[in-house]
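There are 6 protein chains.
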Amino acid sequence: MGIVVENSPRAAQETVAGLAAFGVATVHEAQGRKGLMATYMRPIYAGERVSGTALTVSVPPGDNWMIHVAAEQCREGDVMVVAPTSPCTDGYFGDLLATLLRARGAAALVIDAGVRDIADLTRMRFPVWSKCVSAQGTVKETVGDVNIPVVCAGQLVSPGDIVLADDDGIVIVERQAAQSILQASAEREEKEARIRARYATGELGLDMNDMRPRLADKGLSYVSASERSKG
Amino acid sequence: MGIVVENSPRAAQETVAGLAAFGVATVHEAQGRKGLMATYMRPIYAGERVSGTALTVSVPPGDNWMIHVAAEQCREGDVMVVAPTSPCTDGYFGDLLATLLRARGAAALVIDAGVRDIADLTRMRFPVWSKCVSAQGTVKETVGDVNIPVVCAGQLVSPGDIVLADDDGIVIVERQAAQSILQASAEREEKEARIRARYATGELGLDMNDMRPRLADKGLSYVSASERSKG
Amino acid sequence: MGIVVENSPRAAQETVAGLAAFGVATVHEAQGRKGLMATYMRPIYAGERVSGTALTVSVPPGDNWMIHVAAEQCREGDVMVVAPTSPCTDGYFGDLLATLLRARGAAALVIDAGVRDIADLTRMRFPVWSKCVSAQGTVKETVGDVNIPVVCAGQLVSPGDIVLADDDGIVIVERQAAQSILQASAEREEKEARIRARYATGELGLDMNDMRPRLADKGLSYVSASERSKG
Amino acid sequence: MGIVVENSPRAAQETVAGLAAFGVATVHEAQGRKGLMATYMRPIYAGERVSGTALTVSVPPGDNWMIHVAAEQCREGDVMVVAPTSPCTDGYFGDLLATLLRARGAAALVIDAGVRDIADLTRMRFPVWSKCVSAQGTVKETVGDVNIPVVCAGQLVSPGDIVLADDDGIVIVERQAAQSILQASAEREEKEARIRARYATGELGLDMNDMRPRLADKGLSYVSASERSKG
Amino acid sequence: MGIVVENSPRAAQETVAGLAAFGVATVHEAQGRKGLMATYMRPIYAGERVSGTALTVSVPPGDNWMIHVAAEQCREGDVMVVAPTSPCTDGYFGDLLATLLRARGAAALVIDAGVRDIADLTRMRFPVWSKCVSAQGTVKETVGDVNIPVVCAGQLVSPGDIVLADDDGIVIVERQAAQSILQASAEREEKEARIRARYATGELGLDMNDMRPRLADKGLSYVSASERSKG
Amino acid sequence: MGIVVENSPRAAQETVAGLAAFGVATVHEAQGRKGLMATYMRPIYAGERVSGTALTVSVPPGDNWMIHVAAEQCREGDVMVVAPTSPCTDGYFGDLLATLLRARGAAALVIDAGVRDIADLTRMRFPVWSKCVSAQGTVKETVGDVNIPVVCAGQLVSPGDIVLADDDGIVIVERQAAQSILQASAEREEKEARIRARYATGELGLDMNDMRPRLADKGLSYVSASERSKG
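Chains as they are written, first to last, in my numbering: chain A, 142 to 372; chain B, 142 to 372; chain C, 142 to 372; chain D, 142 to 372; chain E, 142 to 372; chain F, 142 to 372.
No lab work stands behind these hints, which were simulated from the structure alone. Careful: at least some of the hints might be erroneous.
Quick partial rundown of chain A residues pointing at chain C, CB under 7 angstroms, derived from the structure [stated by the list, open to error]:
1. H169
2. G173
3. L177
4. D309
5. Y340
6. K359
7. S370
Here a beta-carbon is modelled for each residue, glycine too, at the ideal position from N, C-alpha and C.
This is chain A alone, in the form it adopts within the complex (with noise of 0.2 angstroms):
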């Protein structure tokens, strides 16, 4: 009773790619802190940041066989996103389907589970963000879907949103909101660079953005260590 849905939309490849000169933190900031993955999802290797347009798989506990029909789905770009019906450690993905789904075009894997053969995912510096490495096997018994909207890692995913992922973790975009979130993340990198460069001369935050009034407002009191141990 599975579905695949095919050719879904997808956002403006300009965009993605523009996406990738932000960071996660940046662009989950620059959207309203919203579309963030939990933090047990975590990159296998340092150093990578990937920005694509999400391809859903959603998978069965222990069954990779999806994988294989959304691999036919792949496009060059793509982010696979999988997610169990129910929380799954097993290693669902490896190198072999690594090789295939670079030779269909995928960037990188999103999982809410388990991936094995990290060691060889690592020297093909294919990217994979997962919940845990685990060499424990899969069937290819049960159908489930592609490209329906899914939550993976506590977060709603819909085929065609751009996944933005790095060290700081993976954060969904929608589709439709891209193009502004770009220019929001760009104004964002912008007035942090202003900020790094006065803090970066020890100047407060506090003064900065005349945080005192409102700390006192709200009661925050000074008192000096030798009169508290009076007290």
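Given chain A, work out where chains B, C, D, E and F should sit, using these hints.
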């Protein structure tokens, strides 16, 4: 009331060494997806692969006395497998014990608890797979057992079993099955090489393994995104 | 209703610096196996060792305003220790605040919550030990406290305590005990060097510490595997 | 920057009420094993079953202001579904808010965070499913959203969806599918009654569903224990 | 190297008893949302509320010897608070020790580890809050400390502090603040009674506390579902 | 490639029944603190105690087919012990299978995964110990094994072993040791009765077991709170 079993039988050295040519994922598949320890067991540094004979140690929580007892039983190429009798995160093992174990011929440590001095262990290239890192020391007050069957990280390990560990985790191969598993691993590796070559050209598993009729039987259907949004 | 305590007493600088010669595991043993934070606290990159004076910050969940307040209290060599008032994974801290803290003299951050911009923090070599990595930002709405005693990752930390952190974790040394712990650490290190040399020759702890009679008293017995399988 | 969506569409009252005749397990099966929240969500007391319309609330960590905002939007029979924007265990809700929600017609609360005053809530028989129990209070400083789609305990919930909860957990039924799921649930219940009657006589599923040939095809074999111990 | 501190100061008995009139949630609020233990601490049976003086015990993992030592220090109305020096799930305490503690006047046990014989403890109505239930026994080999400050379930507890526990968890009230917290709790209870009466009529917190202007300031906006779906 | 082992040997019925007179904690102690399952295994309702013969089932994640196969092997008084080959929370078992198992003579279920229909199971008084409650259903696609040794919740269970379960958890007694463990349990119970009687009078374990000299040897010292605060 502890017991130390001496002179346990061992797998043939060439079988143990032979398995090191294959990764944990391959061997685990080759023996029918059995024998894998839990995914929370991780190497303290990446890039090692070790194959050795299990020297098992059952320890009380927070007490590493039996590791000293077990050190005497250590033979060239042994992998010490330490399982506490109840969950514990303490650091049972550090660079001192690693120095001793190396001098006695041990190849590695697998411990369902904590280790410490990991910067030193990494410098020594002494391979360790553990549940966590902890500087918390242990006492030497209560006896346990050496070279009896233990459950470590969810997996039964008998003395003399083969322990294969790499970045994907740890798999246990029963001593008497080891020779046939070695053979099966070699066959699997060859088969994977052939699949890899075809995947690299973009050939789908769907076609290579003629999956389409069976997927259709299971009810998998295809629909275009444009039709679906109308529905 | 928050409070900022100013000019807390500090440990002598040479004591703080002296402790950095020893690892967390050694110091923790030297002070009687006390003061270690929970094992989920991990460095964002390997290979750092930091010794500094605790600048404590109690923060609400999801609110990093007090880190700005605490930045003003930062003195050369301080380690900021941040504890949320209830469990939180949010990313309270990133490369902007690291720039500010470094400008104010801070040596490191220890936080029982999340951090972000870890690729940048790693490039800056700004050492951080945290519960997790998260790009999830925080607000600036609710006050907390600076330089009061806090419980961070299961450990009491008072302002002015010494924070020693490395790849094995984080240990807290009380200010007034610091000088004697430094001495005890040096003695322990010497003792360990002697043990290490003997272990390197394969001499057993069983013999070096005359453990055999006590093990026998506790009922430890030896049996050969061949006898046992008959039984 | 929060938003409150008013007058969301609702499922027909008889459909909502009809589903309450069936348990979560039955309805979840009837809709194709979809829509179940994570297993850490538990009722604060046993024996309740509630079916209602979802009133969704997205809240910051440690801040329950939006529950007050949402209370105004509550209509007879609503189940308030509260999801924090990052993981939080705080006690957002106690007997005071339960008193208010009951007065406004709410049937229950489902919250991916903590609740408190559970002895009072139990006495009131106000049904709550939560991640944990915590007396830790919250602030009222930051806005969120009401009646937008949220992910709660791993499950997408849109305003107007039907929330069915009992001792087995919580399942979400999409508003537009609710009528057909109700039908399918009734059919499933009937079928289960027939199966139950036959199981009660000791008739095996193996025979009732003619599983033996398929098991043999999959390679299942039978061996007696006595033969096996010889082998 | 353990220490037993005798004759610690205690809070006035009427203060201790007075706090039992209020729940953990109320007292926790009354003292400024401080002092709550972690949410994994749960009662072994529902419906108890206990207020007593803390008798603190620091124990090694898997070793309950110090509970015997502490039993001698027990005074009428004490709540024994047991914290292991590293995480442990073992069953330190069962019906035998409960019999002894009851005979010595103890009111309850709070333990950041396991307990056993919970059916018997329930029959005895001996109140226990624990991290888990475990039949795993402990040894008596290593000393610890009695009546020193401990961190239990994330909370600092000093001997003589007041421990208040009920179905919502456990809160610690510092001895010297107890009288004023008792007063504040009574005031809070009265205030809550007034709020409860108004909530029962359906009056909103939004109106009662004039929240609307501040919500608007923060940018909260209202939109109808029908407009939104057009947008 | 699954296997079903038929006609496993069983412990004598009077031994199995005899153990039910003792609790899990007592039997666990009587057999040397071995054989206890992990503490996350909990009964779905309180107050049961079951002793039976283990009928072991190894199941794939998310697939309960083998429970049907195992049902045929069930003999009067068996406790079905189900272990998934990788961690899984799905609801493998509900009131239908409980009806069948009861008709086939099963006494209880122990499962390192989820169960559902717990309100019905409670009404039926069908005892279940499980890792969690989950309405998430399973498929019937992949074979596993029946009556081979399995590791369930961290404990090795062989077919024919005795499973004793109550509110404190689950302990496994090896078939061939059962008669002597029964004897040892009775002796322990008698001894505990004598201790309980003395504890009830307030007699300390310190005195009853002459612990004071050994505590002093270990370095335990006593100090009064008043002296300590001077120091």
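>> Quick check on H169/A please, does its C-beta sit within 7 angstroms of some C-beta on chain C?
In response: holds (5 angstroms)
>> Let's test the interface hint: is any C-beta of chain C closer than 7 angstroms to that of G173/A?
In response: Interface hint status for G173/A: violated (10 angstroms vs cutoff 7 angstroms).
> Per the CB criterion, is S370/A less than 7 angstroms away from chain C?
Replying inline: violated (9 angstroms)
> Minimum Cβ distance from Y340/A to chain C below 7 angstroms?
Replying inline: holds (4 angstroms)
> Holds or violated: is there a CB of chain C closer than 7 angstroms to the CB of D309/A?
Replying inline: Holds - the Cβ of D309/A comes within 7 angstroms of chain C, reaching about 4 angstroms at its closest.
>> Quick check on the hint: K359/A CB to chain C CB, less than 7 angstroms?
In response: holds (5 angstroms)
>> Restraint: L177/A near chain C, CB-CB cut 7 angstroms. Satisfied or not?
In response: holds (5 angstroms)
Of the numbered hints listed earlier, those contradicted by the structure are 2, 7.
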